[in-house]
Amino acid sequence: MSKEHLGEFEELVLLMIVLLKDDAYGLAIRNALKEHANRTVTIGGVHGTVNRLQGKGFIESNLGGASELRGGRHKRLFTITSSGKSMLEKSQEMKISLWSKIPDFALQNTKG
Amino acid sequence: MKNRRITPPKLSGQILKWFVKEDLRDEILGDLYEYYMEIGHKSKWKRTILYWFHLLNFLRPFAIKKLEGTQKLNTYGMFKNYFKVGIRNILKYKTFSFINIFGLAVAMAVSLLIILMLVDQHQYDQFHTKKDRIYRVHTKIEGSGIANASSPFPLATTLKEGYSMVENATNLVPGIGGDAVFTVDKYAEVRGFFADAAFFDVFDFALKEGEPNTALSLPNSMIITSDVAYKLFNTQPAVGKTVNFQDRSLGLMKIDIGTGKEEIAEDWGEFVITGVVDLEKYKSHIDFDMLVSAATLPRLYREERMTDKSDSWENYSLGYTYLLLEEGSSQEQLQGSLNELSDAKYSAFPQLEGMQLLSRNLNDITPGQFVGNPITLRLPIEAYYVLIGLALVVMFSACLNYTNLSIARVLTRAKEIGVRKVNGARRGSLIFQFLTESVLTSFFSLIMANLILLLLRPALRSLWISDILNFDLTANLTVFASFFGLAMVIGLVAGLYPSLVLSGFAPLKALKNLNAEKPGKIGLRKVLNVTQFTFSLFFIITSLLIAKQFSHIIDFEYGFETENVVNIPIQGNDYQILQNEFASVPGVVGTSMCEFIPALLHTNGASISNEVTEENLFNAEYISVDHNFTENMGLEIIAGENLPQNQTNGNFILINEMTVERLGFETPHNAIGKNVYLGGQRPMTVKGVIRDIKFQNPVMGEGDLPLILRNKPELFSFINVRFDSQNQQVMKALEDKWEVLDQTHPFKSYIYDEQLSRSTKWFGDLVAIIAFIASLAVIISCLGLLGMAIYTTERRAKEVGIRKVLGASGSQLTLALGKSFLLVLFIAIVIGGPLSYLANNLWLESFPNRVDFGFGTVIIGSLSLFLIGLLTISSQIISVSRRNPVESLKDE
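Residue numbers (our numbering), protein chains in the order written: chain P, 1 to 112; chain U, 113 to 1004.
Same shape as in the complex, but just chain P (with noise of 0.2 Å):
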């Protein structure tokens, strides 16, 4: 048992700084949530969810460039760390198993 857990939102995180590879920074990260899941949020909410994730140990980060685009100022770069990876897989076989045990028809019968 990790003592660690990952939330909902958090786990969404995760998955995007792993889908932008080399450049998962803070901006980046909430206009990928936008686009893929669907998500609307701060960027304020983005800074503070991988602060947190940092916090626990899931994703590493180092200074990046700076650009003209950016008013000159640096971006943090994310990259998820081997704890992060074992998280997020145990997370996924964790929902596969629950759905396996879970029979056809108990899906079937409900409202809506």
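Where hints are given, some of them may not hold.
Among chain P residues calculated to face chain U with C-beta under 10 Å, some are [what the hints assert, rightly or not]:
{"#": "1", "residue": "Y25"}
{"#": "2", "residue": "L27"}
{"#": "3", "residue": "T42"}
{"#": "4", "residue": "V46"}
{"#": "5", "residue": "N51"}
{"#": "6", "residue": "L63"}
{"#": "7", "residue": "G72"}
{"#": "8", "residue": "R73"}
{"#": "9", "residue": "H74"}
Simulated from the structure, these hints should not be mistaken for laboratory data.
Since the model is a prediction, treat every value here as computed from it, not as a measurement.
Each residue gets a CB set at the ideal place from its N, CA and C atoms; glycine is no exception.
We have chain P; now place chain U onto it with these hints.
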């Protein structure tokens, strides 16, 4: 070609710099910049809003600078230190802190309660959008100290038509109250006003059902409250339904102590419901169950159900005039016009010369100055001044405790202050430190006060007066803000003096003279203690006196037999049938009839003289009773005989000794058979003389009044049934009898003794309130005294030890230690005793039916204060003087 560079607002960088952690600033600014570029296609104001939205969204814990440790925020660190030291000090001296916190909390709870009351009262009539322009016109007759809330009938119309500054005016006419009957079992007791169509223009009561513009314009229409509508029609729509109204001349105020006169119901005809107002939603001083259209009045005049006073200027107690002033007009201008008007109208009435018409803004009605003839009973603002005054005294006493104990602890704190000063603390910072401590104490008290308040609130609600005053003591934001402010102010006030004194020590002196016995402030501390106890003594004596007055009223001897009597309103039934039927009930000893119940709040005066005259008249109480009354109520006939059984031949009366004397007869026997003249005109023959009884309620006066009894059956409205107290079934049997005789009206009965005690109950409430505040004052002073006793005896423990070793006895030591405290108590008694004697005599003078206020009460009060004080300090002093001297001397 234009290629203007778009850049985010410059200010943003500054703001981020101010609140965001340094190592995050760069990336955040970068992201925001990029975002701003990204949304470049949007309009400028949209861009700005979005940008700032995202920027301010960084106000999150992870991004905000930690305040600690940064050099620029040194004051924060100091404040934190003060806070810590304050808490530690409070925890270290638990006894003293408890005394301070508890004392302040008790005083605060009382203040909080008063704040709650005041906030509640200030919420009245705030829903009217034009409230600042609404005025009520008051009348004040020459020589009277109090204005009346009521005003003459034609005033509203005159103002509306004759004065351009008056936008609108409405007249509320009381005098309608009875039962609205829909069907036999669907009826409701309703009280209210006649109101004109302008009512809904001046006030902002919204109608839940019905059309405000037309609801009051047609005759025989009626607006009712949701409560009444529910009673009559349940959840069905009320508008359009017709009810029958039975007037019983009920007053506006719903105080039912079963007194006064029971009026016979009169059928006022059919009324159409034209509106329903949910009065629960509105907090207004205007309280009603129904509003009847003023257009109905002419019909009622015609049918002689009411007297037409619509053109009467001399009758100023018939209605209430509310007017809406034009925007831009001032109250001064209005007053000018009112003065003009009163001069013009009242010059014609010599007896009303000097009559004033005054205006009062709607905001100043509840709470407001005391007025006669009010619409609803509320505590006048003067009562709040008294309550606030009492609370301030208690509060002051609690603050004195704090000051006193803090200064007493000077020696303990001197070392700390010295060290702080040597290390460079300025006086200002020390003052700030001590104030922090006192404000902290005050906030702890606030928490405790809120707990006390939880207990106090239901106690206040259970008082009889709260039913009438109708307080809503729920907290809201204003309340919390004022609580907070109160705690802050109290903390500052309590801590101000100690902080100034403590911070003023010279550091060297403070460090050097650690064992100086006298800090030089003992004189002042004694003065403070004496002040507290003087107040306490004053409160004790006052409450003793009021309690004495109360018990005097409770044990009032009426001079006739009130026990085992039940008074039953006959509600329009034939009294002879009722009397016969009730007399046959087993357990009934006797029955009699009367017009109203003596010694309750209803009175009925008549002028009388022994000659035909218009001048030599005097006022006597005048009541109709049957010939059984004297025997049934235990009135003693000392001359002549009883009233005849029926009054067919001649007008016979009974009078009492006092009337005999006032009429100028030598002896009661001389009066028998003589003619006296009611109103100086109608001759009456004196049939008999009864011994004097107390006919008046003890709260209203001495009770001794000239009295006339007459047998006039058409006025009978109560039957007095004397019953055998051993027989438990009487009440039930009477009720059963009633239900057979009268199927429409429910049976009502009032035990006479209960009625009498209820009519004086408000006085009991007053006793309870004053006694409560007195005990608070005493508790707080005693706590202060206890604190001082603990402190001084602890400091003198060594002295006691040495004295003991040298051979002093326990009792000698007790005396030596207690001397200074006894002196404090003694001085307080010497000052407070005579002072409270004088002050209490002032109000007692104006009180009817008063007790003798001798020095006895002062002495009892002083003695009890002395004993309480003695008890408080004795345990501490005795335990110190009994202590083994080795314990206090061993460690030096």
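Here is how each hint holds up against the structure:
1. Y25: Result: holds, 7 Å to nearest chain U Cβ.
2. L27: Holds. Min distance 4 Å.
3. T42: Where the cut-off is 10 Å and the nearest Cβ of chain U is about 4 Å from P:T42, the hint holds.
4. V46: holds, 8 Å
5. N51: holds, 5 Å
6. L63: holds, 8 Å
7. G72: holds, 8 Å
8. R73: holds, 3 Å
9. H74: holds, 5 Å
This entry satisfies every hint, going by the numbered hints stated previously.
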